[in-house]
Each structure stands twice: as structure tokens, then as C-alpha cells.
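Residue numbers (the numbering used here), protein chains in the order written: chain A, 42 to 246; chain B, 42 to 246.
Quick caveat, the hints were computed from the structure, so don't treat them as lab data. Being a predicted model, the structure only gives us computed values, none of them experimental. Among the hints, a few may not be true.
Which copy is meant is left open, so a pair is good if it fits within one copy or across any two.
[Said to hold, decoys possible] With a cut-off of at most 16 Å between alpha-carbon atoms, the simulated EDC-like pairs for lysine to aspartate or glutamate come out as follows: (1) K183 - E106; (2) K241 - D228; (3) K180 - E146; (4) K219 - D177; (5) K107 - D142.
2 protein chains.
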Amino acid sequence: MLLCDIGNTSYHFNDGKKDFKEFADSFNPQTIKENVYYISVNQSVKEKLGSLENWIDLETFVDREKYYTTMGIDRIVALASINDGVVVDAGSAITVDVLKDGVFEGGFIYPGIKAMQECYKNISNALDYSFNFEVDLGKMAKNSPDAISYGYLKPFVNEIKSKNLPIILTGGDASEFKKLFPNARLDQELIFTGMKKIMKKAGLC
Amino acid sequence: MLLCDIGNTSYHFNDGKKDFKEFADSFNPQTIKENVYYISVNQSVKEKLGSLENWIDLETFVDREKYYTTMGIDRIVALASINDGVVVDAGSAITVDVLKDGVFEGGFIYPGIKAMQECYKNISNALDYSFNFEVDLGKMAKNSPDAISYGYLKPFVNEIKSKNLPIILTGGDASEFKKLFPNARLDQELIFTGMKKIMKKAGLC
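Looking at chain A on its own, in the form it has when it is part of the complex (with noise of 0.2 Å):
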């Protein structure tokens, strides 16, 4: 079985066993012949893929009802693998989405590592520093690049531990915040979790 989570950038395969990924721009779909599960925020992928009888869109088997009109629905198979939680994606964006109860809550959306840091350069060239997940956030900075590291992070983390549940970090910075959240769940796999999820529930697997 065949699991394919699609981005703006990239096919994400996962056979059971591994991972793999495929250039979104210049992949060909038809190469592949079995049966492929898929989900897909990048429009122009899932109209390509319409066609093809082997790509199963799970978009169809999940209930949006729970969720808002334009959230992901990348966002939301990931909060189909868990019951209670904060799940913190960590990409370009960060998107945080909390679920209670099986009950989505609701979320918010807050710039990645490279955005931010792009944000601050943008205002002044002497805000051009790396974030540093090391800095200590219990006493507040006294040079600038604390300033900014202590700008991006501590509000944020503040957010998500005011939460009180448990944290799931998942997207490609999501080792750099695991520093931030030491007791948090690091996991790679929680859409793919999800798309299995909404599969036994339909019948599909």
C-alpha cells in the first residue's frame, strides 16, 4: 500500500516501510501503477491526478464538518492520527491546530525559522541574526540577537504550553522546536498515521 502526502514542493511517499520524495514540478504520477492513497494541498497536482483511476483522493473520505472551509487538509488528516493534543507543524509556516476530546478546537498560524527570519532582515539589516533555540527564555535579552531570538520564540512557546496538552511536533523544523518542548512528541509520520486512520474508517484498508 502506497501513502502520497503532496505539497506545494513535493510528493511524500511512504510504502509502510520508508519515505520517499518526488519533485512536485517534475514528477510523472503515471510511472506508478499500484493503488496510491493520496492527499494534496497543491491544486495543480490534484486536478493532474483526477484522471488517474490508481490516485485515491482521501480528501473525500474526510469529514470537514469538524474543520473550517479553508484550512488544509493536510492539517486536518494529521489531527485525524490523534485525540487530545497540540499538533505543531513546522514548516515554511508553522501551523498549530489543537483538538480536545476528538474536538478541534482551533488554531493559528505563525511564520517558519526561514520567514521570520527573512521578516526581521526585511526591517532593518542590524536584525540579521539566526535564531538561537538555546537562548534562555526565563529572563528577557539584553543584546540583539537574544532580542529577536526571545521575539520569535517565547511568545510562541508560552501559546503552546498554555495549552495544557500534550505537544506533537511534526514538519521539517520540528527538531529545532523539540529543544523548546523537551517532554513533546517528535513525530514524522502523523499524517501518514492519519491517512491509515481515515482509510479503516472507510473501509479502504
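Using the hints provided, position chain B relative to the given structure of chain A.
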């Protein structure tokens, strides 16, 4: 007596009765004949003024030891006007500085409204929304525009409130933030009050 706070884009004057601004690029400081007491974060203007006798740099009268080396003189002078409080200067960057019993506890830097809006937009056009300062921060977001507003504002607001000190808002976007801190003092003269305090201490007035 003429006071002047010089930033990257403008000379901000105060003659004790009214404020007025001149562009940093085009204004000729030699057109002013009376004494001007100024501070400047603008290095090129600072160099130009060094040779003019009637332009007196107040930075030389400031005790920098309480603060840190790269801290902008405008932040230091704003703090001179209070003894206890959180000073939030909402400009292109938002600087937050905490003073407790006259002691500088530290601070942090957060992106200003325009910079953060650009930041979200640069991540994806799907995140290109204006912030809603009237969003209900009491509950997490269930639509994309609110998810952006919540992400930018909620963690920041909580961080400031967590200091449990009087909040003083200043800078170009102060009135927007006033909506989130109804008990805060909005004070656009903060920097001039600080300048006068420094002058008094130095026996200049």
C-alpha cells in the same frame, strides 16, 4: 528649546508646544539656528550633525551602562521617562523593554504590523490578510484570517501582560495596539519626556 528624535526616515521635532517632522534624506539641519537637543539612531545624520555647534547630542549624557551596547539610543531615552513599566514602541519593528524599580530587566524585538503582514504573504498568497485587531483572542481561530491575526497578536499580547507592570504604548502603530491593551497608557511624547529628564539631570535645562 527644540528637541529632536532622529530615526531612519525622519527628524521628529518638538518645541514644547507642537511636533513636526522633516525627511532625514532631504532636510538641511543648518537651516536651524537655535540650540537643538537631539538623539539619533541614524548614523549618517549623526555624522553630519557632529560638526554643527548648535546641535547637541544627548547620547553623550546618557548612562549606557544600565543597558546593552547595541541597544538603540531611542529605546534607552524612552525608558528614562519611567521607573516601572513595559514600554512597547510599535514601529517598523516593535521593541519591548521592561523597567522595574528603575532597573532595566531586558527586552525583546517583535516584527511590526507591516513587516509581519509581508512575512505571511511571502510564505504564501493564501496567507495574505490584514490583521484584525478586534479579533476575539479568547478563543483559537477557525478561519484563515483569524488564524493569522491570532498567531501574530495572541502570543505577543500574553507575553506583555505576563510582566504585570504598567504598559506604555508609543510609536506609529501604538493606537492599533491600544485596542488590545485597553488599560495601557498611549504616550507619543515618551521620548521627549525622557530627553527632558536627561537634560535636567545633566543641568542642561
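* At most 16 Å between C-alpha atoms: does K180 with E146 qualify within a copy, between copies, both, or neither? -> between (31 Å within a copy, 8 Å between copies)
* Have a look at K107 and D142 and pick one of within, between, both or neither, based on CA distance no larger than 16 Å. => within (13 Å within a copy, 50 Å between copies)
* Asked: When no copy is specified for K219 and D177, does a C-alpha distance of 16 Å or less occur within a copy, between copies, both, or neither?
  -> within (15 Å within a copy, 29 Å between copies)
* State whether the alpha carbon distance between K183 and E106 is at most 16 Å within one copy, between copies, both, or neither. => Classified as between; 12 Å across copies, 47 Å inside a copy.
* Evaluate K241 and D228 at a C-alpha cut-off of 16 Å and name the case that applies: within, between, both or neither. => neither (20 Å within a copy, 60 Å between copies)
This entry does not satisfy hint 2, going by the numbered hints stated previously; all others are met.
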